[in-house]
Each structure stands twice: as C-alpha cells, then as structure tokens.
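J.: For reference, the chains in residue letters:
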Amino acid sequence: MTAHLPETKRKYDLTFARWVSRNVHGGDKLNMCMQCGVCSGSCPLGEQMDYGPRRLFMMIRAGMKDEVMKSDTIWNCVACYRSEVRCPRGVPVTHILDSLSVVAVREGYAEAKNAETTRFAKAFWWSAKKFGLTDERLVTALYYFSGGIGEGIRKGMANQKIALRMIGKKRMHVGMPRKIKRRGELKKILAKAVEIENRNDAAAGEEVKS
Amino acid sequence: MSNGKLSSRTILVVGGGIAGISATVEAAEAGYEVVLVESSPTLGGRVAQLNRYFPKLCQPTCGLEINYQRIKKNRAIKVYTMTSVGKVEGETGNFTVSLNTRPRFVKANCTACGDCAGAAESEIDNPFNYGMDKTKAAYLPHAMAFPLRYVIDPSVIGSPEAEKIKASCTVDAVDLEDKEGSFEIGVGAIIWATGWQPYGAEKITQYGYGEVADVINNVEMERLAAMNGPTAGRIVRPSDGKEAKRVAFIQCAGSRDEKHLPYCSRICCLGSLKHAAYLREQYADAEIDIYYIDIRAHDKLEGFYQKLKNDPQVNFIKSKPGSIVRGESGDPTVKGENTITREIYANSYDLVVLATGMEPSARGEGSSVNLQRDEYGFVVPCVFEPDGMIAAGVASGPLDVSMSVQSATAAALRAIQAIAQGEGK
Amino acid sequence: MTDQNGIGVYLCSGCAIGQSIDVDALSGIAASEFKVPICKTHECLCGDEAVAMIAEDVASGGVEKPVIAACSPRVMTDRFQFDGAQVIRANMREQVVWCHPPGDEDTQMLANDQLRMAITRATKSNAPEPWKEGEFSDKILVVGGGYVGLSAALEASRAGTDVLLVERSDQLGGNVRRWSKVLPDSPPYGTPRDNPVPGLIAAVEGDARISVMTDAIVAQTSGQPGQFKVEITNGGSTSEEMVGAIVLATGWRPYDPNKLGHLGYGASPDVVTNVELEEMLAAGKVAKKNVAFIQCAGSRDPDHLPYCSSVCCGVSIKHALQLIEADPDVMAYVIFQELRTPGVAEDLYRAAQDAGVIFMKGDVKSVGADLTVVVDDALLGEEVPLQGLDMVVLATGMVPNSTNIDLPTRELGEDEEMPPLLRSDIDTTAPITVAGYMGEEPAAVEKREETMPEGGPLLNLKYHQGPHLPMLADGFPDSHFICFPYESRRTGIYPCGPLRRPMDMGEAGLDAAGAVLKAIQTIRLVRDGASVHPRSGDLSYPKIGLEPCTKCRRCTIECPFGAIDETDKDYPVVNPARCRRCGTCMGACPVRTISFDNYSIDMLTSMAKSCEIPDEFDEKPRVLILACENDAYPALDMAGLSRRNYSAFVRIIPVNCLGSVSALNVSDALSVGYDGIILMGCKSGDNYQCHFVKGSAMAQERAANIEETLASMMLEKERVEAMEVEISDAERVGQLIDDFVATIDEIGFNPFKGF
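Protein chains in written order, with our numbering: chain A, 1453 to 1662; chain B, 39 to 463; chain C, 12 to 766.
Do not rely on the hints blindly, as some may be mistaken.
To be verified - Anything over 10 angstroms on all C-beta distances counts as not near chain B; from chain C, calculated: (1) Q92; (2) E140; (3) E166; (4) E252; (5) E336; (6) Q532; (7) C560; (8) Y582; (9) H702; (10) E718.
What the hints assert, rightly or not - The calculated SDA-like cross-link candidates involving lysine to any residue, where the alpha carbons are at most 20 angstroms apart (straight line), are: (11) K110/B to E640/C; (12) K145/B to E54/C; (13) K1481/A to V209/B; (14) K299/C to G246/C; (15) K111/B to E75/C; (16) K51/C to V209/B; (17) K297/B to D267/C; (18) K562/C to R603/C; (19) K297/B to E1536/A; (20) K202/B to A27/C; (21) K631/C to A27/C; (22) K1631/A to K1565/A; (23) K1581/A to I1648/A; (24) K1463/A to Q364/C; (25) K204/B to A66/C; (26) K94/B to E75/C; (27) K270/C to P339/C; (28) K145/B to P192/B; (29) K111/B to N698/C.
No lab work stands behind these hints, which were simulated from the structure alone.
Computed from a predicted structure; not experimentally measured.
Every residue, glycine too, gets a C-beta built ideally from N, C-alpha and C.
Could you build the full structure based on these sequences and the hints that come with them?
T.: Written out as structure tokens, the structure reads:
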C-alpha cells in the first residue's frame, strides 16, 4: 500500500469515498451499495458491532474518515461471508472490512485504538512468520500479556482449565516451539506477497486516475 | 392493392392471460380475425388467481367476465386452450404456425354439470391454488373458468376410474381416447403474451421458504385471501390453521438482486400493500410489518401507499432482512437490521409473506422462434418497426395489470400495422 | 295481446333439468298461456343435433326469436348464435335447478316463471335496427404535437389511417423537442438514449397521410364518434374538419417551481428545475462540479402534487450520468425519499451508482442562498449540511395538460350549476376500503372543493355535461378502470400518455399506440351502428318518443357519457355513436318514452308482471331482483355453480345496468303484488366498479326516492333495497337474498296483492 489517507474537509466531499474506492480491495464495488441492510442484518456479531457494515459504508460516502477508521466494525468481522453472499449488489463486504483493517494498522489508527483484535493479530503474525505455524501457547501468552502484566495474569488464570484440557487432548503443544522446515521459502513467499500487493495497489491507483 | 400476394388478416395471440385476452378482443373488435391459444385448460392466466387488484381493490373476475362476453359474442375470435405453439415459419404478413394440443379428455359438448368430478375418486394438487389444496382428477379449473369445461388429469387415464368417470357423463363428453395433436394455421402477425411465473422463493435460501413453516409467497397469499381459495378466504397459517394476525411482508424477495432477478418486479410493493389491506379487513387487531428497500408506488398509486401509511397497524421498516428462521416457539422469526433506527431485530410472526417477483415465462413457449430478448428474458418491444412478432404484457417487461392491458392494446395495433404492411397498403 | 309470431320455445331437459323440474309443464305453459307456435324439448339442447334443429327452424323463416330454456345466457353463447335471429335465454340451470331443491313445488313455480319472463321478453323485443345515418369519417384527430402526439400520428398512419395533428405552439416536438438525451426504453436499460423526437418530426412531416396544423387549437367539438365536427382556429381563421375519433396527447407541464421557495427556488440562479437543466444540457453549457438533485420537489406532497410523478428519479439519474459523462470529476448527489426506478429501470439506478453518483435518503430541511442543502440524512441518522455545491436541481413533477392553460378559466354562468363529473368523483383522502373494511380515518384533510379546472377546455365539447373532459382526482382524465385503461367517459375520445397519468416515454409511446387502436376500433364499430366497450357490438340504441316528453332533461343530465344533446326547443336528441347502451336515460325518464328496440321499461315491467303472483293465503312471497348483468347476475350464476341454495321466492331479471331501472319498474312491481324488490348492482362511490359509472349510485338514489312513494302507498321502506355485490360473491349473494326474504316474512305480505 502506498497511498495515504486524504484529508476530508466536510461531510460528503467524496475525497475519502473515492480514496476507498481506489485503495481498498473491493472498494470499487462500494458504490453499488443501496443501503438495504442485509449485511448488518446477516452478521452473526451484528449486535457487537458499533456500526455494522451498512452504516460503515454510508459513513465512507459521507467522508467520516476518522469514525470509519476507528470503528470496531472492521475488526469484529469474523469473515463468515454471510453478508457478502447475500448482498444483492455484489459488494464484497468481507474483503472491504478486512482491507480497511490493514489501512487502519498502516495509518496508525489500530495502534491508537490498541484494540484486542489488533493485539491478537500481532501475536498471531509474530508466530506465523517466526515459526511458519502458530504456537498456541506462545500466541496466547503474547496476546494475554500485550495488555499489561496484570491483565495477562488475570486472563491466564481465567482460561487455565481450558488450557489444561487442550493439553490433555494434545490440542496445545508444550515444550520447545515447533517449526516448519525450509522457513527461508516461507520468507520468500511472504516477500513476494507484499510485492504483489504493492504492485496491485499501484496499478489500481493508476487505473482510477486514467 | 397491386400484384402483392394476399396475406392472412388473421392475428395469432399466444397466451390467454389478461394481456392475451385484451390483445385478442381489441384486435377482433377492430375488424380482424384472431386465434387465441392458451397452454392451460382455461383463459385468465395469473390474474384469474388474484383475489383483488390494487389500488381499487376490485375483483379481476369482473373485467374477465366482460372480456369473456366479448369473446363469446365475437365470431372473429377462435380460442384454443391446452394448445401451444410449435414451429413458426414464414415472415411478417404470412406466417405458418404449427399448434400442438394436449388432450383434455373432455369434449366441447361438456355442460359443466360436475357429474364426472362426482365420479372421480383420486385427487391431484390443485394448480389453481398453487397446490395448497387438492382437486378431483376430473375437475373444473375454477368456477369462472373459460371455457366452462371440465378437464381429466392424465394420471387417471387407463385406469378403471377413468371408465367410471366416462360412464358418469350423461352427454357423452368424456373422450378417453383423446390424444396429443397438431395442426397448422396461417397468420399475418403473432402477439406473444406469454406472461410470467413467480420467482422460485426457495432459491433465496436464507428466507426459509419450504423449510420454515408459515413462510409463504405473495401469490399464495392471494389465494389464501380469495373466497374461492383453499381456505375460503380465511387468512390462516398453513401449518396449523391459526389466524394470521401478526404478519410480515418481505419486499424484494429475489427482485433487485444480482444473484436472483436484477430488475425490480414493479408490482410487489403494491401487492403487499394490498395484502395488508386484506389483513386489516379480516382482523381488526392485525399487526403488519412491511420490510422494504424503497416503496415503489409510482404515479397515482402513491395515494394507495399513503392511505396504508396512515394506518397505525401497518408499519414500514426500511430493511432487507438477513434471514428468516424458525423461532423457539415455532413461529417464523425475521432477523435483520432496521436501517433507520440501526437496531438489530429478531421479530416473530404468525405468518411471513415473501414478496417474490415476476420472471418471464416465455422461455419455453416460442423458444423455437427467434424472438429478440433482453438479458432478463423479456421480449424486446419493437418500436416503429412493423414486425409481425410482437410482445404484450409481462412477456415484454415487469408490468402491472393496467400497463399490461395498455401494452396489449398497443400490440393489437402493431399487429394490424404488420398486416397492413404485408398487404402492401 | 302480444305478438307471438316468430317465437319458438326450445326446452332443454339435460344437465339434470329434466330430473328436477317438470319440463312438460313448461311446454304446456308455452302452448296454452302464450300460444307459441313452436315448442320443442330436447335432452341436450346444446348438442349438435338440437342446435341444427333450431338453426333449421330459423333458416326456414318460421322462428325469429328462439327462446332457449336451458343454461345461463353467460354460457354456450356461441352455440346458441343463429344468424338473423334474436336469441332469448331462460336460465333454467344455474338459477333454477342448481340452486333449488329438485321436485319441489317452489322450484317448479320458479321455472314456470322463468319461462314466462323469457317468452314475454321475446314478445317485447324487436331486432335492433342499427343507427348509421350520415357520412362517417375515418380520420383521426390527434391533439398535441409532442412525443406522444407524434407517435400517435405515425402509429395511425402505419395502420393506414389519415391523421390531422393539431399543435397549439408554433412547432412540433413538445417538451422533449430540445432535450439531448432521454430515458432508455430498450436495452441497454442503463444508458440514456438519443432524443427520438427530431426523427419523429421529420417522419411526420414526410408522411402523406398526416396533415399538421401548428399554432392551432380546437375551438369547439360537436357531433359524435365517426362524425365529430371539430372547429380549429389557426391564427385568425377558423376551419371545420370532420373526424372519426380523437386521440388526446396534450401531455404535461412542469409543476410551477415558483411554488417551491422552501427548496430554494428563486433564491439563487443556481437552483434550477430538472426541465431547466434539460435545456442547459442540450445547449451544452453546464460547467458545474458539485450538483445536488432534490427528488419529489413538489410531488408526493399534500401541499403540492399528491401523486408521484413517476419519471423524476429516472430523469435525475439520467442528468447525473450526463454530467459525469461530460466531466468525470463531477460530484452528483441524489437526495431521495423512496428511490423509484421500477421494472428494468433498476439498471439505470445501478448504472448511476457504478458511475459514482451518491444517493442519500432523507428530507431536505433547507436550501440556502449559498446552495448549502441541509439534509436530515435518514441512513446516517443525523442532519448533514451539504456544502460546496455549485448547482441544486429540483426534480419537479408533471402536471397533466387536461386543460388548455393558455386559455382563460371558464367562468360559471349565473344560473349555471357546476358540471357533474369533474374532479371530485374520487376522493383520494377517503380511507381504504376492501369489501367491508374501512381503514383508519386519515388525519383530517379538507375534501377537495369542486371547482372549475384552471385553464380553458381542450376540446370545448358541445356536450350537456360541459366543455371539459371528465377528470378524476388530481386532474387526470379517464380511465378509472384497471382492466380497461382506455374506457373514457367520452366515447371516441382517448387521452393517452402523461396526460392520463405520469409515465415515462417508453410507456407513453405504447400508450399512444393503444389509444390509436381504440380510435380505429371505435370508428369501425360506429360505422356499423354498433356500441363500443363494454357492450361491444350492441346494435340497439335509445330512441326517444318526443310526444310524451316533458323536457325534464333528466335523460340529458344523467347520461354518464354525455350522449344526449338538446334541440333548440329543449327536446332531447340522442347521439347514438356516443351512447354506450347502459339505458341510464331510460331509467331516468319519468314518462317511459325512452326505449331500445330490444330493451325497455315496458319490457322489464311486463316480464315482472308475467310471473304468477300467488295470493297471500298461499304464503309464498315474491321478490323481484333486478340484477346488473355484469357483476350481480354472474354472482347469482356462481351461487348456482357452487350449488348454494337460496330462497325460491325470487324472480331475477338481468338488466344492462341498474341505471336503466326506473322507479316506475319498482312501483309497477309493487302494484302487481311483489312483496319486495332488490336492485342488485356493482360497487358505487370512490373506486366504483360500475362500467357505466354510476348505475349503482343511481339505483340507490332512486331507491331512496321510492321510499316516499312507499310511504304514500302505506308500504314499509324495507320492501325496496339497493344492494351492492361483487362478482365473486357467490356465497354472500345467497345470504343477502335469504336475509331479505326473511325481512319480508317479518313485515308481511304486500297488501296490494290480488288487487
């Protein structure tokens, strides 16, 4: 991702909406939203979301950049794809929310918000990149303690029983972290992915401009 | 007229619904011979299955009665039921059309006395009521059927029951040997008034049609409300016969949806408003919720919308629901987001009606003919091109009844123009 | 003694008639009471053998009026059609044996009377002589030279008909003439298409069958279909033309934006209407970057136009697309309440979204002089000021040109009453009604006052009912019928296009073709002296015997179609080609001097009188039902078809329309001993279903007047009742009859019985 978020001067000045259309995966289909609400109404976490996708999309049109970027909605999506499957206008809801979360991380909104989902995602990626797989024990520990020592201990105690049962059923690995073979290959794959993404973004940006 | 060959002044109308009937009588009264073919046993089409029309809330049979009388009195009109179009050859002004007939097993001298139905034992799903009840295997499609003539279902042919049915007829109108047939006619122009079918609600899987009890579609609602319907006009739930007082209508069930029908079916908003009026008439304490994206009560129909909006027991909720599920009590429960209040709701109802849209039913009939269609299957209307292939009614686009009749009347003129052109006037 | 010559009675014993009643007894009645020369019985009268037998009797010249005593006249109509014969049907099946117990004395008495009434009808009915006087014209007058008028002219020409096209302005093309693009009516539905009007103008001007008069208005219209005399003023001169039918395509005008000050019109030159923008686009001079469209500007608003103007959503979308096509940086906002792109026009909505047009649902709170539009944004849930706009477009609606707005409003003369049938016949503020249910009363809205419409009449009709076209609520002319959109109350005059209701060009083009078909059809029918819809093909027409006429004018006034003029000596004179054969004039006439060849007050009364009226000691009351043949009579048939038994004490006579029933029919029937009379017709009032407009309403009015007569005869008012039934009321109609007979039982027999 190269393009940074634009300044918005007033409601509905469309700078932000057009930026999203050009720089967010699936954002070009956002225009097609007719605000029917089937997405928010289909969301299993609908009640937990501050806005829900439908209203978030209206806020994008209205240029409410900060509210959009700080919203829970983009983080609480569990990618069940119900909204995307049901959308009568073919808006890729899941992709848009996911892509917005990437922007939020890059532009510092996620840091500022210090959301749990962000912290979990960080722990997850740390393990994935380092070992080529997720180590349940380390990811969990890293996530628990990312909110401070006190919170780490509290969460650890609360979930102790589950952890023990998982160990009993060999669902949680104890001992030295396991790693995949040929981690160098994984590193290359990830580097390639970043390269492709940057190239796509640049191309998308040009396409819109031309 | 110079040396041009005399071509037929006959017009073929395909489809005996309101558009086909209207095109037929209008062309015939303008002085032309008309052959009307209908693939089912009776004329009337979809409107005969409606309880009332919006916005006047009058009965479709009233207008059908007038039109049937016009047909009966006009010798320029020939009607063939259980007949469909096969091959069409030739060109504007001079078509040769082969017509295929299905056996009715009842001859024209049937007096509709009903003795055969009395003799029949087996029952079939009643097509008039969309299979919501049964009818005898020897049946009159409905009381206002035209022609008023019984039909014997092919399922009993060859059985002893068929012989019993035949024996019951005092005027020897039952013909168990009736066969499929075919004949040819020459016509100058063809009006395709092949109409529509309700969009298959089961394809909208999240709305539970066919899975969740008491989720029905709008054409079934129309039959439930009709005096000659399966419940003699009592609007009750199919599952347990309980009075349907708290009812939800789901607009755009399939319409305005790229995954189903991308176009707006035009009639469903007004249809649900009309259904709300039926319910309010029947149950003083009915509570109705209409879930919608936009209420499309165009032109003077707006007045009808405003009248229902004034009714405190009819609520309009701007929301396309996410899903319809079976609630804990067994009632259908509608889940979604109210886009105005932004509340997530889960509301239970006695009955949920899916306002399903219309899709053109012409895909089968006339498929051998090179009709120009749009991407949705509607026959593209020809404008100012005297062409012997003319579409009328919903075959040409999603129209309401009045617009269908308008389109049919226009089609009658286009047919006359095509014939005039053929005659080299 | 009436004339029995030419009557042949044919009795059917099939369909269980023979098992339920004594057909031989019927035969005896025909022979002894009526001395009918030919009376034959057959076990299947509709069968080939019997039909051939009747046809032979007709062909041999012996039988001119076959009386078929079999099934309902509504069925087997085609079987019992004999050239040169007047067929009279006695309904023995649906209304006798199918709804009354077999072998019963009362059923037999009913059957006997059914036959008596039919034979009496035959004796009182003559073969109609169609009216065909004078020269007829095949030419069609098209009024209005806009898109719809041009289309209508070309459609008519292509069907081989001559056309006179009259346009009030100095050139053809109407509103759309200068527009650049129009809404699509064929695929692709999401792309505005080029304006077809210039092409149509060229086609019309090059068409030898079409003559065009611009700067012309219709100064006066008299005569009747097939023979309309039209005076056209063109500049200073007036010419007279004879035309066969008239297609009205006077179109629409934009709602007056000066009434839209609350939406900023007038506050800034950059607040424009959609029509003004249309012209700017055509001139290619719109250099605006940020444009807001305000939908329903004046439409769907009780203070302005209560209806939806149908096209404005599509038009604003088209405008937005045009602006964006010219300059991709344009930001276009459409502020709507309900976005209405019905049918395949949904593609247009999607095309606009795809192009980046922003749609906002909500009410506009204010439009400032700096073009700030404050929107109560329903989907965002807050009030939003839209700033930085450089143009605001008001999507104003369509007002029908049902009058000529250039002409002064016609003032009422001092003694002149408001012409009937203008505007207020449908009350849009009335609550909804389905059969019995009345919805909640809406918040008090003052009922529209009956006023002369603004502007002069379009055709200046020389009709007693006034110079204007009859209009429905909101100023649109007919039709009021869903299944018969061209059923106007002025025969031979067909309004079409947005004059009739707001519609887009695709629909309006079709509507023009439909109206032309009706015009051609009417000309053809009236040439044969035949009626148009709904009694299509009826060759009879009302004849007025002037000798007894008292010049009371009731026939002229009450005719729903304005078919009766007055001579300079105030005598009524019928225009048969305007007439729709309802017989309202006949029912209105206090001296029974209006009748049809095959239908008269005398005939109805004679039929009623032909029935045997038992004296009161027999304890068999008699109730006469005069039933509208369109809805009530079929409903009674349906009751039979569903074997719904009801009292056999009723005697049913079908009538063309309840409007044709005179108060005299009622008093005649009471005087011969009927105990009660039911006038059974269609729904009246708002949403009336009567195809003759006010037959039922008229019956109610007459029934109310009869109350006085009843009082003077010392009879109970319950003896006469006007009832409204619908065609599917098979069950209800039986109940209504049984309840009425029970009431008669309670109040006792008619004391005049036996006098």
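J.: State the violated hints by number, sorted upward, taking the hints as numbered earlier in the document.
T.: 1, 3, 6, 9, 13, 14, 17, 21, 22, 25, 26, 27, 29
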